[in-house]
Amino acid sequence: MNSYFRKVGFGLSHRDTIPDDPLEWATNQFNNNPTLSWSEKLPTVENQRERFREFIFQDDILRKKFGKKSRLEYEKEKNKLRTKTGEKFFHSYELSIRHHNALNSGSPTFERMWHFWGNHFSLSEKDFLSSWHYGPYMREVIRPSMSQTFEEMVVNVSTSWAMIHHLDNDQNIGPNSQEGRKRNSDGNNRRVGLNENHARELLELHTISPSAGYTQQDVIEMAKVLTGWSKKWSKKNLWAGPIGFLPEKHEMGQKKILGKIYNSKENKMTGNKQLFAVIKDLCNHKSCKEFIAMKLCQHFITDEPNEEMINVIVRAWEKSDGFLPDIHKATMKIAFEYGNQYKKFLMPETWLIQNAKILNFKHYSGPDKFIFRGMRPGKREKRIEWILEDLGHSPFRASQPNGFIDREDEWTSPELIIRRLVYAKQFLTYEKNIKKENASIYDNNFFENIIYKNFDNPRKTLELVNKANSTQNKFVIFANSPEMLKV
Amino acid sequence: MNCTRRSFIQGSLATLFIGGLNLPLLASSIKKNLIIISLRGGMDGLTAVPVIGDPKLKKYRSELLLDKRLKLTSDFGLHPKLSTLHNLWNLGKASIVHATNIPYNQRSHFDGQNLMESGGITPYHEKTGWLGRGLKTANLDGSGLALTLPMPLLLRGIKQNNNFYPSHKSMPRREIVKILKSAYEGASEEQLLNVIDVILNRPITMQGGNQSLDSLSKRASKILLDPLGPRVAVFDIEGFDTHAAQGTDEGEHANNLQDIDLIIKNLYEGLGAEFDNTLILTLTEFGRTVEQNGGYGTDHGYGTAILMAGGLLKKSQVYSDWPGLKKNQLFENRDLLSTLDSRGVYASAMASVFDLEFDQIKNNVFWGESIPNLSEDLFKV
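Protein sequence lines, in the order shown, are assigned to chains E and B. Our numbering puts the first residue of the first sequence at 1, with every later residue one more than the last. Our numbering puts the first residue of the second sequence at 1001, with every later residue one more than the last.
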């Protein structure tokens, strides 16, 4: 059952000892939230909002100054601004932190789960979210929520700066709210009103999914509930201000979602409480539990989970009232029990981390510590960004709000498989450039050691790897063996 | 001349085409190609194809007017960076559909790009693309080629799509890949086995090259020339979202238009005689505001233009039910109105290239929604 260490974690390195009780090893990791491995001070949401503010403020000045006369001059100045404010730096920096943590964490199953939630509540590419905001969002919104209930996680995400910016809830203004009426009556042609973007994704992607059978009217009503949750605009902060509930933007009156009335005449609710009440009901909806359980099984077990697996997680949910550590443990258990019968194709980033951990790669993800000094990232610091981009799975740059699709057919186009072949070949060169003697650890004992620790049928994989005549070719075969691609 | 709301069916060589020249040909004997160029960010139809017949354009965007525009008709010009398209226009092999868009007017890039690819009405509702469903309707498994790394939504919905977006890193040796192939065989991993076969049997045209549009489009024409190879190709160009310093003859939008022209040029030169059995169409999520903004750019709008090239076009023409640029003729007083559901253009193009009835496409790809059949107006049937 040694493949389990890869099924739910990142595998075991040649130095690791094999845990006596794999299931206990996996579930214990959810008893508390481990601290991150990165030794330097980590950028916070506040830090990055300030950098973002500085960027939009200065960019506006540049646009007015050069926009008309010289596009080239404008581009040149804007480029300097991007460097100065860290827009060019923080994407690869955050990826370095993420990979350093995955490789050095004593709780790999927790880290796998963290990545899972980051993708479930995905931000997609928009307004530099990947450089300034995704990292702090992962650390300050997703990670602490993992020791809370799912409901609390949804509340934290839905009221986070990153998600509100990502899904345009700033522009979701009650047409009959104080601000809506004012702005629609001042003769300006640009009318304001509901923006359904956040509402739709909250229902469709984050909680109950379309299987709940909600209607377009439900989406509209959900949008009304969300009105008011907005960045606070000010002359100083521009649209990088902090999040708050702004009653002047909130659509008054009752709302009806999935048949239930919120803020009825009999049961009045202040505007900011309405969202919490609706999220509570969404998270208790049968479709929500089944949808989340399905996605967990799909991530850890198989593309096509069956009802039996899903029900195990749903039962743990109901028993614990949606307490995430219990849901995570149930997922570990069900992955353990079904491990021998099903295989799951790993998404490129997980595959990359597993190879790095098992094959002892230290240098693909950049230096162990470095900080922002108002410069662009160096070549080594930026490498991780290129690798992930090239593998087709740059986790902070999903093209759509539904994140990366967790299915084999999404990842098996010819070019994407070619990428795995060429990078498996490339791995060693990153190591050699740094430290020549590192290559010498890769003798036959090394491969025997790691294959024994990480595979259910070690002899078969060892035979396969031994068909190669060089360390480099062994890497190519090991990393692309059927068992490493699918576990 | 003043442009009012009316139809333009004008073409430089329109009258030279006579129906009697059509020879009876077996549909299946010719390999026809369809190339879609996705323009991400929202292409400004009024920069690519300005309406010179409307004096209001000057008032709205005095800083964005073209100096050296090319002439199409008495009412419409063409951006100078689209010179290949202009040459093809003179040969009867380029057309414009103007004041058109997908039925989406909410101005979000995400939602718009999702819908331009899925062909649907509700963002993120469909998990397949209109081109993938079109290929499926025509039973053309394995005929789709993406010149991008992730498989675009546009092509999803059919099996065995291929993609080509060469890595700058070198491949392992062939015998190593073959060892892996035998391992996939042994493990009964069908999907991996299929892919590794495609990789091992890649024609010479799909080896080497780089990720520049120049290289990709040159390669694409070679790949499309293979009689057994793909017949549908999808390109991606980003960067049309020019909120600031959009430029005129030169500038950001101009550079992007030049990219389109480069793809068309390389396909025209590379496909040779087969260009006559080819259609190239652009696709974008929305147009841009008619009026320039404070930063000498334009914001997200609605109606835009489709640029088309290839020998399967009926003739050179600007096809439009022109809505006019008076304030009250604009969508929400700010955007060029879309008077034509662009899905009708794409459906008609697929009907022409895949030798299917329009209604088959309409029903199987667009859920029977009422989209206009433009086959006879725009394409050779």
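Since the hints were made in silico from the structure, they are not lab data. Any given hint could be a false lead.
Here are the simulated DSS-like cross-link-like pairs (lysine-lysine), alpha carbons at most 25 Å apart as the crow flies [said to hold, decoys possible]:
#, chain 1, residue 1, chain 2, residue 2
1, B, K1181, E, K432
2, B, K1169, E, K343
3, E, K41, E, K362
4, E, K265, E, K84
5, B, K1181, E, K88
6, B, K1178, E, K460
7, B, K1159, E, K295
8, B, K1178, E, K486
9, B, K1058, E, K65
10, E, K126, E, K80
11, B, K1169, E, K64
12, B, K1169, E, K362
13, B, K1159, E, K486
14, E, K343, B, K1181
15, E, K126, E, K84
16, B, K1127, E, K295
17, B, K1181, E, K467
18, B, K1178, E, K467
19, E, K379, B, K1169
20, E, K343, B, K1127
21, E, K286, B, K1127
22, E, K467, B, K1127
23, E, K486, B, K1181
24, B, K1127, E, K65
25, E, K467, E, K432
26, E, K369, E, K41
27, E, K64, B, K1059
28, E, K65, E, K78
Calculated from the model, a selection of chain E residues having no Cβ within reach of chain B, i.e. all distances over 12 Å [what the hints assert, rightly or not]:
#, residue
29, L103
30, H120
31, E125
32, V422
33, T429
We put the CB at the ideal spot given by N, CA and C, even for glycine.
Item to check | Given hint B:K1181 paired with E:K343 - CA-CA distance at most 25 Å | outcome: The hint holds at about 18 Å.
Checklist entry - Do the alpha carbons of E:K467 and B:K1127 lie within 25 Å of each other, as the hint requires? => result 41 Å, violated
Checklist entry - CA of E:K343 to CA of B:K1127, is that 25 Å or under? => result 24 Å, holds
Item to check | Pair hint E:K64 and B:K1059, alpha-carbon separation not exceeding 25 Å | outcome: Answer holds: E:K64 to B:K1059 is near 20 Å, not above 25 Å.
Checklist entry - Straight-line Cα separation of B:K1181 and E:K432 no greater than 25 Å? => result 28 Å, violated
Next on the checklist: Given the hinted pair E:K265 and E:K84, is their Cα-Cα distance within 25 Å?
Outcome noted: Between E:K265 and E:K84 the Cα gap is close to 53 Å, so the pair fails against 25 Å, i.e. violated.
Checklist entry - Is the Cβ of E:H120 more than 12 Å away from each Cβ in chain B? => result Non-interface label stands for E:H120: nearest chain B Cβ at 15 Å, farther than 12 Å.
Checklist entry - Does the alpha-carbon distance linking E:K467 and E:K432 stay inside the 25 Å limit? => result 23 Å, holds
Item to check | Cβ separation check - E:T429 to all of chain B, threshold 12 Å | outcome: The claim breaks: E:T429 does not keep its Cβ more than 12 Å from every Cβ of chain B (closest is about 10 Å).
Checklist entry - Between E:K379 and B:K1169, is the straight-line Cα distance small enough, at 25 Å or below? => result 16 Å, holds
Next on the checklist: For B:K1178 and E:K460, compute the direct alpha-carbon distance and say whether it is at most 25 Å.
Outcome noted: Cα-Cα ~17 Å, so holds.
Checklist entry - Are all C-beta atoms of chain B more than 12 Å from that of E:V422? => result 4 Å, violated
The structure is inconsistent with the numbered hints 1, 2, 4, 5, 11, 22, 24, 31, 32 and 33, although it conforms to all the rest.
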